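Chemist: One-letter residues, chain by chain:
2 protein chains.
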Amino acid sequence: MDLSDRKKKILSAVIETNVKSKKAEAVSSKQLQEEYLPKLSSATIRNELNALEEMGYLTHLHTSSGRVPTKEGYEKYISELMREKKLTTREKENIQSNFANKLISIRDIIERSAKTISKATNYTSIVYSGPSNRAVIKDIKLYPVSPTTQLVVVVTNENVINELTYLGTNNEDDLKSASDILKELFIGKPLSLIKNRDFRNKVVTKELTKYKTVFDRVLDIISAESNNISNNLSIAGKDKLMEYSEFNDIEKFKKAVSIFENHESLIPIFDNSDDLEVSINVGSDDTGLEDCSVIKITCNINDGTKITAGVVGPMRMDYSKAVSVLKEVAETIENTLNTEGDYDE
Amino acid sequence: MDLSDRKKKILSAVIETNVKSKKAEAVSSKQLQEEYLPKLSSATIRNELNALEEMGYLTHLHTSSGRVPTKEGYEKYISELMREKKLTTREKENIQSNFANKLISIRDIIERSAKTISKATNYTSIVYSGPSNRAVIKDIKLYPVSPTTQLVVVVTNENVINELTYLGTNNEDDLKSASDILKELFIGKPLSLIKNRDFRNKVVTKELTKYKTVFDRVLDIISAESNNISNNLSIAGKDKLMEYSEFNDIEKFKKAVSIFENHESLIPIFDNSDDLEVSINVGSDDTGLEDCSVIKITCNINDGTKITAGVVGPMRMDYSKAVSVLKEVAETIENTLNTEGDYDE
DNA sequence: TGTTAGCACTCAATTATAAAGATTGCTAAA
DNA sequence: TTTAGCAATCTTTATAATTGAGTGCTAACA
Chain A
107 MDLSDRKKKI
117 LSAVIETNVK
127 SKKAEAVSSK
137 QLQEEYLPKL
147 SSATIRNELN
157 ALEEMGYLTH
167 LHTSSGRVPT
177 KEGYEKYISE
187 LMREKKLTTR
197 EKENIQSNFA
207 NKLISIRDII
217 ERSAKTISKA
227 TNYTSIVYSG
237 PSNRAVIKDI
247 KLYPVSPTTQ
257 LVVVVTNENV
267 INELTYLGTN
277 NEDDLKSASD
287 ILKELFIGKP
297 LSLIKNRDFR
307 NKVVTKELTK
317 YKTVFDRVLD
327 IISAESNNIS
337 NNLSIAGKDK
347 LMEYSEFNDI
357 EKFKKAVSIF
367 ENHESLIPIF
377 DNSDDLEVSI
387 NVGSDDTGLE
397 DCSVIKITCN
407 INDGTKITAG
417 VVGPMRMDYS
427 KAVSVLKEVA
437 ETIENTLNTE
447 GDYDE
Chain B
107 MDLSDRKKKI
117 LSAVIETNVK
127 SKKAEAVSSK
137 QLQEEYLPKL
147 SSATIRNELN
157 ALEEMGYLTH
167 LHTSSGRVPT
177 KEGYEKYISE
187 LMREKKLTTR
197 EKENIQSNFA
207 NKLISIRDII
217 ERSAKTISKA
227 TNYTSIVYSG
237 PSNRAVIKDI
247 KLYPVSPTTQ
257 LVVVVTNENV
267 INELTYLGTN
277 NEDDLKSASD
287 ILKELFIGKP
297 LSLIKNRDFR
307 NKVVTKELTK
317 YKTVFDRVLD
327 IISAESNNIS
337 NNLSIAGKDK
347 LMEYSEFNDI
357 EKFKKAVSIF
367 ENHESLIPIF
377 DNSDDLEVSI
387 NVGSDDTGLE
397 DCSVIKITCN
407 INDGTKITAG
417 VVGPMRMDYS
427 KAVSVLKEVA
437 ETIENTLNTE
447 GDYDE
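Those protein sequences? They're chains A and B, same order as listed. Residues are numbered in my numbering as their position in the first sequence, beginning at 1, plus a constant of 106. Residues are numbered in my numbering as their position in the second sequence, beginning at 1, plus a constant of 106.
Keep in mind that the hints are not guaranteed to be accurate.
Since the list gives no way to pick one copy over another, a pair counts as held whenever it fits inside one copy or between any two copies.
Stated by the list, open to error - List time: in silico PhoX-like cross-link candidates among lysine-lysine, alpha-carbon distance up to 20 Å: (1) 361 / 225; (2) 247 / 295; (3) 360 / 129; (4) 247 / 316; (5) 198 / 225; (6) 427 / 221; (7) 225 / 145; (8) 113 / 247; (9) 358 / 192.
Just so you know, these hints were derived from the structure itself, not from any lab. Since the structure is predicted, the reported quantities are computational estimates derived from the model, not experimental observations.
Turn these sequences into a full structure, and let the hints steer you where they fit.
Modeler: Structure representation (structure tokens):
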């Protein structure tokens with residue numbers, strides 16, 4: 107249903123006034139008249155507010171307080187009324203500067219992104235990286251330790267895996283030979299490839315089966331770690347939430363802190379995003395938080411890695427600013443990671 | 107000043123009852139009589155409480171509420187009255203199991219320690235590792251990227267450094283020769299050694315000065331990173347605090363969350379510990395938190411690394427349990443790290 | 001038909017007052 | 001030295017009264 111221009115103006119004004127207010131204060135007809143519509147009487151505005159309420163975009167806390175936007179009101183605003191806030195050059199530079207000057211690991215990228223977003227938006231930010239092909243094996247070494255224990259060290263350009271295990275032999279020469287074969291086979295290969303059973307079997311069976319136990323165990327360790335480092339989540343600005351009066355209720359705030367502290371439950375929300383564009387979920391229940399909104403954007407990296415960056419904030423949030431910041435960060439991430447592939451062996 | 111046995115018993119009873127209570131309730135003479143001293147009348151106990159108050163160990167919230175321990179009361183209790191709680195075999199195994207089965211990096215150790223402590227004590231835990239000699243250089247590679255940019259990759263057993271920089275040349279052969287020399291000089295050397303100017307000059311000037319620019323830049327990068335990874339702090343269980351009624355005041359809780367979220371200010375507290383033994387700071391102001399206590403213990407690793415593990419909790423805290431857990435964790439850390447040196451190349 | 005002034009009505013927020021309950025300090029007796 | 005008894009103190013809870021912001025509705029007006 108289409109709104110008259112005046113209704114649009116009033117709905118936007120209610121939302122923007124409410125968002126700006128420190129304490130989530132309801133917006134009264136008088137306030138709207140004084141600040142947005144001096145040519146109308148408050149009674150006229152009241153009529154309009156009433157109409158907007160009947161359409162479901164606004165609501166009442168009680169008979170005699172001003173209006174507050176509903177979930178539907180925010181959705182209408184986001185889809186039709188909101189104008190995207192242009193970032194200033196200074197803001198853009200500020201964001202970009204956080205990624206300048208270094209080639210960085212995925213872990214590094216998501217941590218920096220989360221911090222950057224939370225600083226720029228003043229909301230809590232979550233950045234998640236899906237399975238990645240970026241980690242490439244640089245070195246594999248096997249050390250004898252004791253008859254029943256050997257040390258496996260695998261170095262990638264993203265991290266170092268080291269794990270004690272039992273390889274079936276503690277003979278230094280055997281371990282040397284086995285690791286030489288492994289090195290020849292796998293150095294330069296992405297970690298994620300090792301998870302692929304077909305690839306493993308194809309490559310390994312060609313060789314001597316003498317070291318089968320060693321190979322299996324080492325490749326299992328690599329596979330496991332590959333799953334591990336490919337699921338990376340970073341949260342920044344957990345303390346931002348508390349600036350919003352929605353969380354002045356101590357129970358709500360405690361719940362929020364607890365959810366962010368034990369953040370496994372948040373992964374699914376950021377994992378299944380195929381969206382190229384910004385996605386906004388108003389009043390998202392999935393977070394486990396009441397009346398919170400989640401905005402997210404997915405970056406597609408050349409090598410197939412997907413990074414999803416988002417903010418979590420109160421439903422009453424500055425969507426426009428958040429969207430602009432997310433877009434800028436996403437673009438910066440893609441630029442940083444996609445122009446780099448050439449020389450990263 | 108020495109207390110009579112009865113006074114000792116009463117002071118301990120007040121503290122233990124207060125600590126056990128959910129809501130930091132003051133302890134009354136009647137309660138003490140019923141639960142600890144059935145043979146005395148409440149009036150007698152009141153007289154003793156009064157005496158203990160005059161000595162500074164207890165205080166009043168207002169005329170007609172029970173007694174609450176003061177900072178001095180806790181200190182007296184800790185130094186003279188408290189008996190250290192023995193952990194059960196099960197609790198010990200629980201702690202140790204968190205460190206089993208893997209050779210781990212310092213980062214890993216401090217994260218695991220913090221989680222373990224916070225789980226075992228139900229307080230927030232902070233673990234800090236001072237400068238370390240553990241990171242040993244495993245590989246150094248230099249890649250040409252563009253006339254003005256080269257990529258430096260340094261692999262250690264603790265992490266991977268990669269940084270874009272300008273090395274003065276983009277010639278592949280030159281970079282190869284330079285990195286070969288660097289590898290020969292530095293592989294197997296601890297990262298921390300590179301910071302040492304004397305060592306650098308001594309080792310590098312012996313060689314051709316042809317690659318001086320390259321050497322200087324690469325070693326600078328390593329030095330910088332060495333400073334970086336040697337100062338490691340991990341916090342776990344930030345949400346534990348909120349279970350204690352002291353933090354039901356939303357402002358206090360917010361402050362605590364904010365301090366833990368931006369934790370730089372906590373480093374000095376955990377950095378300057380020379381103590382081998384447990385140190386307890388009741389009502390520590392250094393944290394920026396009101397009426398909080400900090401308990402910490404320092405582990406000395408063979409290679410000179412110092413790891414300080416601690417808990418932060420309300421002044422009204424179970425000191426006995428916390429001390430036992432810290433001691434157990436410290437011992438486990440030392441065992442884990444000190445028996446491992448042999449086979450970690 | 002859309003706009004507006006005016007006024008009764010509603011309900012949260014604030015303030016005031018009273019009553020109940022827990023605990024102490026003190027006194028005097030055991 | 002210990003204890004019973006009691007007034008005094010101060011929090012907590014409950015209840016009531018007051019205030020004030022803001023709406024909804026009606027009737028008049030452009």
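Chemist: Run every hint past the structure and note whether it holds.
Modeler: Against the structure, the hints:
{"no.": "1", "hint": "361 / 225", "result": "between (22 Å within a copy, 18 Å between copies)"}
{"no.": "2", "hint": "247 / 295", "result": "both (16 Å within a copy, 17 Å between copies)"}
{"no.": "3", "hint": "360 / 129", "result": "both (19 Å within a copy, 17 Å between copies)"}
{"no.": "4", "hint": "247 / 316", "result": "within (18 Å within a copy, 33 Å between copies)"}
{"no.": "5", "hint": "198 / 225", "result": "within (13 Å within a copy, 42 Å between copies)"}
{"no.": "6", "hint": "427 / 221", "result": "within (16 Å within a copy, 36 Å between copies)"}
{"no.": "7", "hint": "225 / 145", "result": "neither (39 Å within a copy, 62 Å between copies)"}
{"no.": "8", "hint": "113 / 247", "result": "neither (69 Å within a copy, 64 Å between copies)"}
{"no.": "9", "hint": "358 / 192", "result": "neither (33 Å within a copy, 37 Å between copies)"}
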